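Asker: Residue numbers (my numbering), protein chains in the order written: chain B, 10 to 206; chain R, 137 to 600.
Do not rely on the hints blindly, as some may be mistaken.
Calculated lysine-lysine pairs in the BS3-like style (CA-CA distance at most 27 Å, straight line) [stated by the list, open to error]:
| no. | chain 1 | residue 1 | chain 2 | residue 2 |
| --- | --- | --- | --- | --- |
| 1 | R | 497 | R | 295 |
| 2 | B | 200 | R | 298 |
| 3 | R | 324 | R | 298 |
| 4 | R | 298 | R | 397 |
| 5 | R | 527 | B | 200 |
| 6 | B | 57 | R | 572 |
| 7 | R | 144 | B | 200 |
| 8 | R | 324 | B | 200 |
| 9 | R | 295 | R | 527 |
Covered stretches of chain B (chain R as the covering partner; in silico rule of three or more C-beta atoms under 8 Å from a C-beta of chain R) [what the hints assert, rightly or not]:
| no. | segment |
| --- | --- |
| 10 | 41-49 |
| 11 | 72-86 |
| 12 | 112-123 |
| 13 | 138-150 |
| 14 | 159-171 |
Simulated from the structure, these hints should not be mistaken for lab results. In this text the structure is predicted, and so the values were computed from the model without any measurement. Where is the CB? At the ideal position from N, CA and C, for every residue including glycine.
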Amino acid sequence: MQAFTSHTGIGVPLRRSNVDTDQIIPAEYLKRVSRTGFEDGLFAAWRKDESFILNQPTYAAGSVLVAGPDFGTGSSREHAVWALMNYGFRVVISSRFADIFRGNSGKQGLLTAVASQDDVELIWKYLENTPGASITVDLTSRTITAGDIVAPFEVDDYTRWRLLEGLDDIGLTLRHEAAVTEFESARPSFKPVTRGG
Amino acid sequence: MAGTLAEKIWADHVVRSAEGEPDILYIDLHLIHEVTSPQAFDGLRLAGRPVRRPELTLATEDHNVPTTPGPITDPVSLTQVETLRANCAEFGVTIYPMGDAEQGIVHVVGPQLGLTQPGMTIVCGDSHTSTHGAFGALAFGIGTSEVEHVLATQTLPLKPFKTMAININGDLAEGVTAKDVILAVIAKIGTGGGQGYVLEYRGPAIDAMSMEARMTVCNMSIEAGARAGLIAPDETTFDYLSGRDHAPTGDDWNAAVDYWKTLRTDDDAVFDEVVDIDAASLTPFVTWGTNPGQGSPLSASVPDPALIPDENEARAAEAALAYMGLTAGTPLREIAVDTVFVGSCTNGRIEDLRAAAAIVKGRHVADSVRMLVVPGSARVRLQAESEGLDKVFTAAGAEWRLPGCSMCLGMNPDTLAPGERSASTSNRNFEGRQGKGGRTHLVSPLVAAATAIRGTLSSPADLD
């Protein structure tokens with residue numbers, strides 16, 4: 010995983026709540042067997058609308074998405090994270106993320122920064138008044154800087170540490186493989202297996 | 137120390153716990169399907185890692201499969217399914233492919249085989265894994281990176297979930313189903329209300345439900361944002377499991393039941409949150425918007441966004457009505473649909489098909505409506521056919537299909553056309569979920585069947 014310390018990039022105000030993963034990437038784009046190339050499916054339905062924010066040249070190179078509450082609800086598809094990252098996003102700011110989406114993001118190095126809805130509103134206004142402005146999201150100090158606005162954001166300590174170090178979860182777990190083996194040796198015999206015997 | 141059911145199951149699966157780190161939780165059963173697994177297997181190959189416990193892993197083909205006879209014609213869908221088959225062969229994972237007697241939607245297959253048992257931890261790269269919570273199993277959806285993690289280690293690093301009791305107090309009126317209960321719960325707590333929580337459904341209305349009804353309730357826990365849904369196992373659970381292919385037998389059965397009986401929230405345990413719902417107040421419930429929390433009793437009218445106090449919710453409702461082509465104040469019963477879909481991991485089991493068949497029997501689907509009935513698995517299909525339900529549906533003018541996820545998410549050819557409106561027993565009414573521009577109303581199997589007959593959103597009571 011790519012490490013994340015600080016990122017500065019064009020902020021994209023997305024004034025919508027409940028942006029579900031079917032909107033982030035519709036099911037028809039999920040048929041690929043690779044992790045790349047999903048950027049063409051990002052917000053596919055909305056991008057057919059010329060006025061959609063990513064269709065405006067000012068925002069097309071955006072890398073910090075600032076969205077309404079309950080971002081990433083619905084399907085567990087990690088393709089939503091791949092689509093955002095393949096497009097070029099490194100950070101999503103929202104007052105509330107769906108659990109699975111936030112977990113998937115943390116595995117891939119997409120920072121989900123939880124800011125207060127009041128601060129999201131301030132950042133939206135700033136970005137709408139100064140289209141194409143850059144935002145800095147600093148994971149070390151857990152702050153978002155947008156013009157004169159300096160807003161704190163939340164991210165849990167463990168995810169922050171993994172992002173800062175760029176650590177792979179599987180490798181971390183395998184450090185404790187002996188504990189897994191010991192646990193397995195004590196599992197009750199009535200637990201099912203998927204093979205006939 | 138007193139604990140909730142979720143906390144007890146959690147504690148029984150902790151491999152390692154350390155200050156400041158997530159717990160490493162052991163996973164008893166890992167279900168996989170073609171959509172969210174290919175990149176995970178790729179990751180294993182790149183790292184040279186095997187599947188740690190293939191015998192705790194099971195694959196089925198469901199999202200892409202056509203529901204009409206014949207092979208997959210979409211080359212991209214076919215590649216995805218063939219990739220799953222190749223991966224399962226390479227890594228030694230059991231798979232139930234299209235045409236197999238055990239094939240079906242992953243969340244229908246696990247329970248009917250008896251693989252889903254109380255006290256287990258169950259994961260799948262699919263958010264509706266919450267379904268399995270109906271058995272008192274801690275079951276939740278995961279992303280593809282986590283699928284790879286479970287394949288490689290049979291564990292997941294996780295922080296304990298918070299707990300919420302959802303008490304469904306009293307008894308449900310006749311004609312009010314599990315689907316109406318869960319839609320009402322989501323409307324009450326919101327699509328984000330369950331975030332971070334395991335929802336434990338309790339109370340007389342839940343105790344009285346069949347296993348299949350309990351699965352419908354737990355299935356949609358994710359639509360309230362919850363990590364999982366949970367119902368304590370009881371005699372209904374044990375009766376359902378007894379004799380199933382993978383259920384324990386002999387001494388193992390007795391040992392298992394002894395353990396399962398301990399799986400209850402202690403009387404003095406404290407939930408982080410408690411929600412009370414009066415069962416008697418519930419009536420058939422339908423959605424009018426583009427998220428599962430935007431629902432109302434069928435007897436109500438399309439709400440007026442101007443009267444919604446929260447600014448974000450009002451804006452969302454306004455956008456939803458524009459997308460859905462609805463006007464505030466229209467009685468929900470007057471909304472005409474083009475398609476009725478009965479199926480999915482929410483309502484594609486045998487009891488759902490029986491309920492819908494009982495309504496359409498001796499009647500005919502309205503001329504303006506096409507009705508698709510898609511069993512949740514090959515076993516459900518065969519069972520329904522042995523009871524003659526297929527004949528009931530086709531005699532009424534409905535289409536009887538082969539099992540799969542089908543129109544729930546339209547990854548196969550079953551989709552809505554732009555602007556087309558459906559009454560659907562599935563779980564998501566998101567924009568474009570059932571096809572680009574499609575408009576979805578989530579309903580119970582009873583409402584779906586009555587709607588198919590009348591052509592507008594209806595309950596069976598409207599047919600008399």
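Asker: Now tell me, hint by hint, if it's right for this structure.
Answerer: How the hints compare with the structure:
no.: 1; hint: R:497 - R:295; result: violated (50 Å)
no.: 2; hint: B:200 - R:298; result: holds (26 Å)
no.: 3; hint: R:324 - R:298; result: holds (19 Å)
no.: 4; hint: R:298 - R:397; result: holds (23 Å)
no.: 5; hint: R:527 - B:200; result: violated (39 Å)
no.: 6; hint: B:57 - R:572; result: holds (11 Å)
no.: 7; hint: R:144 - B:200; result: holds (17 Å)
no.: 8; hint: R:324 - B:200; result: violated (37 Å)
no.: 9; hint: R:295 - R:527; result: violated (50 Å)
no.: 10; hint: 41-49; result: holds (count 4)
no.: 11; hint: 72-86; result: holds (count 8)
no.: 12; hint: 112-123; result: holds (count 4)
no.: 13; hint: 138-150; result: violated (count 0)
no.: 14; hint: 159-171; result: holds (count 3)
Hint compliance for this structure: hints 1, 5, 8, 9 and 13 are not met, and every other hint is.
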